[in-house]
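Please take these sequences and the hints and turn them into a complete structure.
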Amino acid sequence: MRWRYLKQSVFFGLVSASALIITLVLGGIIFYIITNGYSVISLDFITKPPTDSMTKGGIMPAIIGTIYLTVGAIAIGLPFGIASAIYLTEYARQGKIVRIIKIGINCLAGVPSVVFGLFGLGFFVIFLKFGSSILAGSLTLGFLILPTIIGASEEALKSVPQTFREASLSLGVSKWQTIYRIVLPNALPGILTGSILGIGRAAGETAPIMFTAAAFFTAKLPSSIFDEVMALPYHIYVLATAGTNIEATRPIQFGTVLVLVGVVLGIDLIAIIIRGYMRRKKRW
Amino acid sequence: MDSHIIKLHKVNFYYGQTQALTDISMNFGQNRVTALIGPSGCGKSTLLRLLNRMNDLIDGTKVEGEILFEGRNIYAPNIDPVEIRRKVGMVFQKPNPFPKTIYNNISYGPKLTGVTVADMDSLVEQSLRQAVLWDEVKDILNKSAMNLSGGQQQRLCIARALAMKPDVLLMDEPTSALDPISTAKIEELIEELKKDYTIIIVTHNMQQAARISDETAFFYLGNLVEYNKTEKIFTNPDVKQTEDYITGRFG
Amino acid sequence: MTRRIKEIIIKYIFFLFALVSVIVLGLIVSSLFREGLPVFKSVSLKDFIFGMEWYPTYDPPSFGIFPLIFGSFIVTVFATVIAVPLGVLAAIYISEIAPQAIKESLKSVIELLAGLPSVVLGFFGMVIVAPWLQETFDLPTGLNIINASVILAIMAIPTISSISEDALYAVPNEFKEASYALGATKYETITKIILPAALSGISTAVMLGMARAIGETMVVLMVAGGAAAIPESIFDSVRPMPASIAAEMGETPYGSPHYHALFAIGMVLFFLTLMFNLIADYASHKFRQTGSATL
Ligand SMILES: Nc1ncnc2c1ncn2[C@@H]1O[C@H](COP(=O)(O)OP(=O)(O)OP(=O)(O)O)[C@@H](O)[C@H]1O
Ligand SMILES: [Mg+2]
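Residue numbers (the working numbering), protein chains in the order written: chain G, 1 to 284; chain R, 285 to 535; chain C, 536 to 830.
There's no promise every hint is true.
[What the hints assert, rightly or not] Among chain G residues calculated to face chain C with C-beta under 10 Å, some are:
id, residue
1, Ser39
2, Val40
3, Phe80
[As the list claims (entries may be wrong)] Have a look at the derived ranges for each label pair, beta carbon to beta carbon:
id, chain 1, residue 1, chain 2, residue 2, range
4, G, Val10, R, Lys427, 56 to 66 Å
5, R, Thr345, G, Gly131, 17 to 27 Å
6, R, Asp340, G, Ile46, 50 to 60 Å
7, G, Gly131, R, Pro361, 35 to 45 Å
8, G, Phe226, C, Phe710, 38 to 48 Å
9, R, Asn507, C, Phe806, 56 to 66 Å
10, C, Pro707, G, Glu247, 56 to 66 Å
11, G, Gly131, C, Tyr590, 22 to 32 Å
12, R, Asp340, C, Pro707, 48 to 58 Å
13, C, Val612, G, Val10, 50 to 60 Å
14, C, Gly718, G, Gly27, 32 to 42 Å
15, C, Phe568, G, Asp44, 41 to 51 Å
Source of the hints: derived by calculation from the structure; they are not laboratory data. None of the values given here were measured: they were computed from a predicted structure. All residues carry an ideal CB built from backbone N, CA and C; glycine is no exception.
Shown next, in the form of structure tokens:
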């Protein structure tokens, strides 16, 4: 009898330890980044461009570039994603085509980010002749986050009670009007919070923009969507691995990492908090 | 002279392979209250949802036979189900108001179906009055409908259906989720509405069927067993099965 | 009538949107083939896959990617060995043991861990793990298999843990209750009832975690060391496939055999992850049928 409970205690110990280790890893990484990075952060760091061949100055162009790329990715991913999910949950009847679409989405979700980069290079940059540009990078990132947004939107649409749809249709309101006036407004908060997690991913990805949009250094801010941009993740990679001044730029690297982590995890955290709040508030 | 607004002729209905209704032929009288009764799963809701083509929403269903509404076959290929649903309103078992204000719940249908309403405010008021809800909500029209009680929500759903000025009102166990007082209110309401509307109501409550309906149809396993004047059904039914069911000796 | 036509048109517009994912997938495959296949003018498929020498810039160049494939596999396997126990045990903790409040925060922790950009984890591996490894084990470099595996494991844990948790959660309550009713302890219930019932869901989680690890680029680019040779110990450097692509694409002239070779590596990587995902998909379908009805 004792033996049974001893085994149980050991097992519970292991299980709790795993959860603890994971928490400590996250906490440790964040703590380490903050303690090393915060001293670099200043208004100038965020609002000034780099100087002295990137060993001094700020990271403003990289912040701007990441904003452009992320907004571009949202502009592509969100409409395509929501519309796909509307088809799948509201219109599609089970069948071969729907199966193919679903398999396609699953496969797309599994494509490695560097392969997305190759695709962006081969298709947008070279074949469509966009060059390495905000446009090519945004399209690549937009399709990268498409499966995430479809998934989040499908879940949110499915959580709208079927009775709402029935009530609307029974009044003689057409299907599209029902979707537009009843289903979408009720699903939108869920769609957006779910999509935010994908958006955080778009802001933090490096491999997909390496060959499609990111520049080591640009003297000027981009003036059109056909310009290259600097971007936070690429900036970190470049400063940390290339050049002769790796040690000299360490503080800037930490500062940039802190800004990127702050932005991405900040976005995620907001989504998580809103979602928790909505779940508690939900009336149906 | 034809006082039958809906006519069914040899209707069969299938959910995929399983047949839910078999060879139903019956007519529903204009401005009458018809009650549909029968044990659970006998196809009452299925029949009701056939009449406004709500079963279209379910994958893999099939209809055979003819269902005529005002003389037109509503399953004919050139018929738009949306059109039918505007004339044949529906109230569901569980109150299902939209998460909108009370006012917008009522104005939702008329607004979106492009009916030109000269005065939306008075349509809202009129509908809520018809549903005997006006006095309770006239000061909170801009509050969320989700804050109403269950009985109030159900009357709101009735008002919402009435705002479309349908010819027929289908009700699927409209009081089964409500307390006795709300139930009584809705029964009174039905009595009132019958002057202007044809009402078809599904109920599990025998007293309710006896109290409010003019005709009663008894279903069993997808078949129409007996369809008669309510009085007759509850006093001296033609079929033994009906009597067994009504007196609770069913089994 | 016009309304019906409008409705039909709307439906088809949404259908076209839904096809976008499939179309993009098709474009990915065709781009990879279009830019990757020409390499086989310079090297045979067999020599490409099994060739031991990756000297793309030599004259004449040599395009054998076996060391790269091996590098990818070795870091993926080690990462899996680290991540699976941690991820699955954490999932058990979350779904079966943790009190409600801790449960919610732990789920957020895992979600945030998933949200950490890979370049940040790579950076962490470079500036923290690498110097520590180098000093502790007295190595020429801390950028090696073990470093890359640890960091990849951190990336794979959220995938493994969250999908495993879904699988554990999906085990019907009646199983658990039946087990407790027979006097089983919580430990016995978890190991004898819940885990077996969730096994195919957990396999899905593991496969998807592996797919994530094998396709991850920035981590292996920054911390695996970059040596395109078969390693002899876990402290050796490797050059997994994604690292090669990312590191070399920038310096390769467009249209050169090297350029095509990098796309061809992309093809290999694509089909490898596709395989992992399809196996995961298959496992998850089996898992869905394991409801209370089949047992
Ligand atoms: N969506 C559906 N798919 C398949 N079968 C269905 C579906 N809806 C109902 N059925 C089946 O059709 C039969 C009739 O169902 P229906 O809902 O019409 O019964 P009912 O008389 O309304 O019962 P209740 O009194 O319980 O509401 C039942 O056997 C039921 O299982
Ligand atoms: Mg019913």
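Hint check results:
1. At a threshold of 10 Å, the smallest CB-CB gap from serine 39 (chain G) to chain C is about 16 Å, leaving the interface hint violated.
2. About 14 Å separates the beta-carbon of valine 40 (chain G) from the nearest beta-carbon of chain C, more than 10 Å, and the hint is not met.
3. Interface hint at phenylalanine 80 (chain G): satisfied, since its Cβ lies 5 Å from the closest Cβ of chain C, which is below the 10 Å cut-off.
4. The supplied range of 56 to 66 Å is met by valine 10 (chain G) and lysine 427 (chain R), whose beta-carbon atoms lie about 57 Å from each other.
5. Our hint of 17 to 27 Å for threonine 345 (chain R) and glycine 131 (chain G) is violated, since their Cβ atoms are close to 54 Å apart.
6. For aspartate 340 (chain R) paired with isoleucine 46 (chain G), a C-beta distance near 57 Å keeps the hint of 50 to 60 Å intact.
7. Under the hint 35 to 45 Å, the C-beta atoms of glycine 131 (chain G) and proline 361 (chain R), about 53 Å apart, miss the expected range.
8. Between phenylalanine 226 (chain G) and phenylalanine 710 (chain C) the beta carbon distance is about 59 Å. The supplied range of 38 to 48 Å is therefore violated.
9. Here the CB-CB span from asparagine 507 (chain R) to phenylalanine 806 (chain C) is close to 58 Å, well matched to the stated 56 to 66 Å.
10. A C-beta distance of roughly 58 Å is found between proline 707 (chain C) and glutamate 247 (chain G), which places it inside the suggested range of 56 to 66 Å.
11. Against the hinted window of 22 to 32 Å, the Cβ-Cβ separation of glycine 131 (chain G) and tyrosine 590 (chain C) comes to about 30 Å, which satisfies the hint.
12. Checked against the given bound of 48 to 58 Å, the beta carbons of aspartate 340 (chain R) and proline 707 (chain C), roughly 34 Å apart, lie outside it.
13. For the hinted restraint 50 to 60 Å between valine 612 (chain C) and valine 10 (chain G), the CB-CB distance of approximately 27 Å leaves it violated.
14. Between glycine 718 (chain C) and glycine 27 (chain G), the C-beta spacing of about 40 Å keeps the proposed range 32 to 42 Å intact.
15. Between phenylalanine 568 (chain C) and aspartate 44 (chain G) the beta carbon distance is about 48 Å. The supplied range of 41 to 51 Å therefore holds.
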